[in-house]
Amino acid sequence: MTAARSGRTVGRRIALGFTLPLALGGLWHLASRRGPGGAYAFVPLRDVAGGFLEVARSGELRYDALSTLREAFTGLLVGSVAGVAFGAVLGLSRTADRLLGPLYHGLRQVPLMGLVPLIGLWFGNGAGAKLLVVSLAAFYPVALATADGLRQVERAHLELARALVLGRRDTFRQILLPSAAPFIVTGVLQALAFTWIASVGSELLFSATSGLGGFMALAQAAGRMDLVIVAIASIAVLGSLMNVAVTRLGRRAQRWRHAS
Amino acid sequence: MANARQTWLLERGALAVGPLALLVAWTWATRRPTRPGGQVLASPEQIFGTVRELLANGQLLHHLSKSPVRLALGFGFGAGAGLVFGLLMGLSRTAEEVCGPLFHAIRQVPSIAFIPMLILVFGIEETFKIVVVAKASFFPVALAATDGVKSIPRGFLEVGRVYGLRGPALVRCILLPAMLPALVTGIRIALGRSWTVLVAAEIIASESGLGQMMEMGRQTMRQDVVLLGVFLTGTFGFLLDRSMRLLERRLAAWRTA
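Protein sequence lines correspond, in order, to chains A and B. Using the numbering used here, read the first sequence as starting at 668 and increasing by one per residue. Using the numbering used here, read the second sequence as starting at 3 and increasing by one per residue.
Incorrect hints may appear among the rest.
Claimed, not checked - In silico negatives: residues of chain A with every beta carbon more than 12 Å from chain B:
# : residue
1 : 683
2 : 701
3 : 799
4 : 879
Stated by the list, open to error - Each pair of labels, with its calculated beta carbon distance range:
# : chain 1 : residue 1 : chain 2 : residue 2 : range
5 : B       : 55        : A       : 696       : 22 to 30 Å
6 : A       : 770       : B       : 60        : 26 to 34 Å
7 : A       : 723       : B       : 107       : 52 to 60 Å
8 : B       : 156       : A       : 737       : 44 to 52 Å
If you're looking for bench data, these hints aren't it; they were derived computationally from the structure. These figures come from a predicted structure and were not determined experimentally. Quick reminder that beta carbons are idealized off the backbone N, C-alpha and C, glycines included.
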C-alpha cells in the first residue's frame, strides 16, 4: 500500500521534473525553425546530437575531456600536498599563523581567474601556468581545512600525548594528524569541484587549445554553437558525477570520524 | 587593564608584520638589477608611478568604474530573479517539483563555462557580461531563498495567518525577515562568484574593466599594470566579502537575541 503510494509519488515527481525541460526543449525547437537567425542562436537539437556523434566518434571529445580531468586531478594532488603542508604550519604554530595568516587570507581574496594575466606574464601560457592556477584552486581550501582541523584537536588527546611523553614527531603522527584527517579529507574532496572549474576556466583564459575549455573556445571561434553546447553538457555531466562521488566519499569520511 | 591593552596592540601589530615583511622584501629584491627580482619583478615605486600615470590619463578611473557597474547590473537582475524564483520554490511544492530538477542540473555548470555560448548569442558587448554575472548571482540567491523559506518554523507562518496576513503581506512581514540571514549568506556567495566570473569575462572579451586592464597589461608586457590590477581586484573582492560578512553577523546577532 505505502509502497504503491510512494511509487506513485516518485512517478509524479519524475513526470513533473521532466515537464519544464521538455517544454523548454520544445520552445527551443520552435525557435530554431524561425529563420536563419533563430537557427544560429538556437541550434536545432538534431544538430547538437549530430555534433556530439561527430566529436564522440572522432575521439576528440574523449581526448579533451580526459585532458581536462587529468589537469583537475594533477592540480588537486599538487595543491592538496602544498595546502596540507602550509595549513599544518598555520595550524600548529601561532606565530606562523600571525605572520602568514593575513597574507594568506589577503591573497585568497584575489579572484583566481584574475591571477591568470599575472601568471601568464610570469610563466607563459603553457601547461605549467595552467597547473599553477588549478593547484591554487585546491591549495586555498585544503590549507584552510588543515589548519582548522589541527586547531580543533581535543585537548584531552594532547594531554595524553604529553603524559606519554611523545616526541613532537610522534605527537604529530599519532595524535594530531589522525584527528585532523577527516577535516583534511573533506577539504580535499571539496577542492575537487574548485579544481574542475579552474581547469575549464584556465583552458578558456590561457588561449591554449587543449581540454574541454580549449574545445569550447575553438568551437566558439568557429561559430559552432552545437559543439559549444556539447562541451557545456560534458562539463556539466562530468562535474555532477564528481559531485556525487565526492558526497558519497565525504559521508564515509564523516562516518569514520563519528565512530572513533 | 593596561596589560590587556598591550596584548591587544601586540596581537594587532603582529598581524601587520607579515604584509610589511613582504613589502620590505619586495622593495629590497627589486631595488637593484643584480638582486633576485631586479629583472623580472616590478618594484613598489614603479607601481606607484603606474597609479599616477593611469590616474593622470584617466584610464584607471575608466576601468575601475566599468566593472562595478556591470557587477551591479548583473547582480541586480540575477539576484532579483533568484529571490522571486527561490521564494516560489520554497513555498510551492509543485513549483519545486517542476523547476527543481532543471534548476539543479544547470546549477552544476560552472558559470565560466557559459561564456563561449553567451558570446555566440549576444556578441562581445556588454550584454553577455551582464548575463553571465546574472547567471552567477541567480543560483546562490535562489538556493538560499528556497532553503531560507523551508527552514522557517511553521509557528511563524501560523502567527502571520492569525494576524490575517496573506500573500504579499505575509512575504513582507514574516517570510523576508525570517529568512534574511540565510539570504545574506547567499548574496555574499553570489557576489563573490559574480566578481570572479566578471573578471574572467573581461579578460576574455572586453574593452574596459579591471579584467581587461590586466589582460592589456599582459599583452603589452606591462607587469606593473597587471600587478596593480591584481591588487585592485583582490581589494574590491575583499571589501565586498567583508561588508557582507559584517551584515551577516549583525543579522545573526539579532536572531540569537
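In this structure, is the beta-carbon distance linking residue 723 of chain A and residue 107 of chain B contained in 52 to 60 Å?
Since residue 723 of chain A and residue 107 of chain B have Cβ atoms about 21 Å apart, the given range 52 to 60 Å is violated.
Given a hinted range of 22 to 30 Å, is it respected by the beta-carbon distance of residue 55 of chain B and residue 696 of chain A?
Violated, at about 54 Å.
Could you check that no beta carbon of chain B comes within 12 Å of the beta carbon of residue 799 of chain A?
holds, 14 Å
Determine whether the non-interface label on residue 879 of chain A survives the test: each CB of chain B must be over 12 Å from its CB.
violated, 8 Å
Can we confirm that no CB of chain B comes within 12 Å of the CB of residue 701 of chain A?
holds, 15 Å
Status of the stated non-contact between residue 683 of chain A and chain B (beta carbon gap over 12 Å)
violated, 4 Å
Outcome for the supplied range 26 to 34 Å, where the beta carbon pair is residue 770 of chain A and residue 60 of chain B
holds, 32 Å
Okay, residue 156 of chain B versus residue 737 of chain A on CB: inside 44 to 52 Å?
This hint holds: roughly 50 Å between Cβ atoms.
This entry does not satisfy hints 1, 4, 5 and 7, going by the numbered hints stated previously.
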